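> Below are the chains, spelled out letter by letter.
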Amino acid sequence: MKFISSEKIPGFLEALSARSTVWAPRELTGSGGTVMFERWRPGDPIDLEHYSSLSAKDVVLPRTEKLFGYTYAFGGSPFSGGLGASGTAVAASDSDQAPATSGEQIVIKPAEPAPSTVLFGVRACDAKSIQVLDALFNNPGGEGYNDPQYSARREGLTVITLACTTCDDACFCSSFENGASEKAGSDLILYPVDGGFLAEGVTGKGGELLSEPFFEESELAPPPLAETAVIEGLERLQEILPGLFDDLDFWERVSERCVSCGFCTYGCPTCHCFNIHDEMQGDREGERLRSWDACMFALYTQETSGHNPRPTLAHRYRNRINHKFSYYPENQGEILCTGCGRCIRGCPAALDIRDVLRDALKAARKE
Amino acid sequence: MSELVSTIQKVLAETGLVLGWSATGAGGVAAPERFHTAEEAEVAIFDSTCVHNLSVHLPRLKGRAVGIVAKACDARSIVELIAEREVDGDQVRVIEVSCTDTLDVKAIWRRYGYGALIEDDGSELRVNGEPVEREAFVQAKCLDCEDRQPATPAGKPVPSGSKPANARQQLREDFQAMSVGERRAFWREQYARCIRCHACREACPMCYCRDVCIMQTTDPHWTGGGINTAEAEMMQLIRVNHLAGRCTACGECERACPVGIPLMLLMEEQNRAIEEMFDYRAGVDPEAKPPLLTFDIKGDSWDGE
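Line by line, the protein sequences are chains A and B. The numbering of the first sequence is our numbering, which starts it at 1 and goes up by one. The numbering of the second sequence is our numbering, which starts it at 1 and goes up by one.
Hints are computed from structural coordinates only; laboratory data are not their basis. Since the structure is predicted, the reported quantities are computational estimates derived from the model, not experimental observations. A few of these clues could be false.
As the list claims (entries may be wrong) - Once the Cα atoms are required to be at most 25 Å apart in a straight line, the calculated SDA-like pairs of lysine to any residue come out as:
1. A:2 with A:195
2. A:66 with B:228
3. A:66 with B:219
4. A:66 with A:2
5. A:366 with B:40
6. A:66 with B:218
7. B:62 with A:248
8. A:362 with B:34
9. B:62 with A:46
10. A:362 with B:24
11. A:183 with A:214
12. A:66 with B:233
13. B:62 with A:307
14. A:109 with B:231
15. A:205 with A:131
Let the sequences and hints guide you as you build the complete structure.
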C-alpha cells in the first residue's frame, strides 16, 4: 500500500481544495465539543479523533437546497423584458405550456450546477450510507428513480474514508456484513498507522489520487480494524416487522421514552425524507427549496384535511423502524442503517434503537 | 429495597403508572422508564445521571393519573404546567427526590467516548476508573441551583471574587460585555449549525403546542421551511418569546441540543427580566396567574371585538 504521513495531510487537502470543494470534520468553537463536517479551507483544523455529531450526508443531500428560482413578471411592465432575457426558461402567457394568467410570465432560474467535492475523513459506516442512498436517488440510465440534482452531486463526489481502529459503545457496524472493513461508498481508504496513514484506492477515482506526490510506497501492514457490538439477525427484520405492524402496544412500549424530536433522523447518515416548499421574497420572486424533513415530527404526514394517518408518536416510531429495516430493504435491497450509532449518542431521551431491534426479534421468536 | 422503590410502589397502587429512571442506559447511567407494576419498579434509581426532566411527558399523558419522580427543578415544571391548566394537579403525584447536582453525561461521553464508565459518589467523579474534575462535568444549571443541597454538611465554599467559577459563568460574563451588534453576530454563529431538529422544543416541558407550533406550521407561515441561520434565528426568537414568564430554567433545551447551542443563555436573560418586571418566577405557585396569561378575554377574541 501507499503511505501518507500525518504532516502531509493539510498539504494534500490544500491540493484537493484547489480543484474541488473539500469537506472535513472539525470541532466547532464554543459548541461543547460538537464535531461536524464543514467546508475546509487551507489553515482550518481537522478532527479525526472523535466521531462527528452529525453525519456528512449534507454533501449529497443538503439540509436545504435550491431546486430552482422563479420570478413572476408581468407583460408590459419594464420589469419583464430584462428578466425574460436573463432567465433560461420562459413560460409566456401565449405559449402552450403557460399556466399563467394573461400577460404574465414566469421566469425559471435553474439551481447552480453541483461542484466537484471531496469528502474527507468519513468513517466506513458513513461512506456505506452514501451507497445506500444511491440505491434510491442515483440510477442514471438504469431502472428506478434518478434524482438529477443528487446524481450530479454524486458524480462529482470523491469519498476519502478513515478506517476505524477503535469504536465506542454506540457503534454497531459489525452487525452488518462487512463491519468496519466495509469499502462500499469509499473511493480511497486511509488506515491509521504510526506517523500517518496507509492508503488504499477502492475506485479508479480514489486510485488516481495515490499518484499525487504526498504518497510514498510502504511495506507497513494495515492495522486490525474495530470490532463493534453485534445484533444478530437484522436482515430477518424485513420478514418479521410486517407481523408486528398492528401490535400498537409493542410500538407504544418501545417508543415510550421518545420525546418526538427529529435528531435521530437528522443525525442519521441514511435518513433522507424531505419536504419541498416555495419560499417567496416579496410577491414576485421566490425559490423552490428541498429541505430535510423527519418522520418523527407530528406534522410530517399531516394532511390538508387535518387527518393524520400517523396520529401518535407510536405510529411515527413504527414507521421509522419499518422504513429502515423492512420497506427500504424490500424496495431498494439495502438496510437503511449502517450502525453508525449517532441516533444513540445524540438522543436526548436515552432511546437506543438496538434495544428496539432486539425487542422486535424477541417478539417474533415468541410467536 | 430502597426508599425510592417503596415510595414508587405506593404511588403505583394509586396511579398505575410512575415515570422514573432505571440504570439501563449505556454504561449503567440512568434512562427514563415507565413503571406500571410494583415488580417493574424494583429497578428504579435516582443518581446524578438522572438528567432528564420527565415532566415533558405529562402533557402527552393528559387525562390519566400518573406518578412522577422529580428533582426540585423538574417539580417547578410540573407546578407551571398545573398553573397553566395543561396538567390536572389532582391527577399527578410527585415523588420529589433530593438532589445535589446532575452530570453533563453527554459532555463526559464526548470527551471520553460514548458509554465510558461514570462513577459518582457525590464528591468524587471517576470516568473509566480515573478521577476527573467534577465541576467541569456538572450541568451548568446545577451550579446556580438554589435548591442544590451540598454533598457534605460543610459544603464547598462559594467561589468569590472576579474569577468565574465555570465555563457557563464565563460565557455569561462574555455575553454581558458584548454590544448589541456583537450579540447578534454571536447568535448568528451559534445558529449557523442548527439543523432544526426541534429537540429544544420537544425536550421542553412547557412546549406543548405539538402539531400547531408556529415554528413549523405553514398556516400561519411565520417561518420558512428552510434549514438555515435566518430560520433558526426566527425559530429561537419565537421560542424565547413564547416561554416568557413560563420557562422554569430546567435547561432541557440546551441539554437536548445535538449541536451544543447555549440556549439557556437566552432564557436566563429573559427570566431575569421577567422577574424584575413582574416579580414572577415560573413554576413556584400552582395557583399563580402567569403574567403573560393575563389577557382580558371578552367574547371570542382577545381584544373583545
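> Which of the numbered hints above does this structure break?
Of the numbered hints given earlier, those the structure breaks are 4, 9, listed in rising order.
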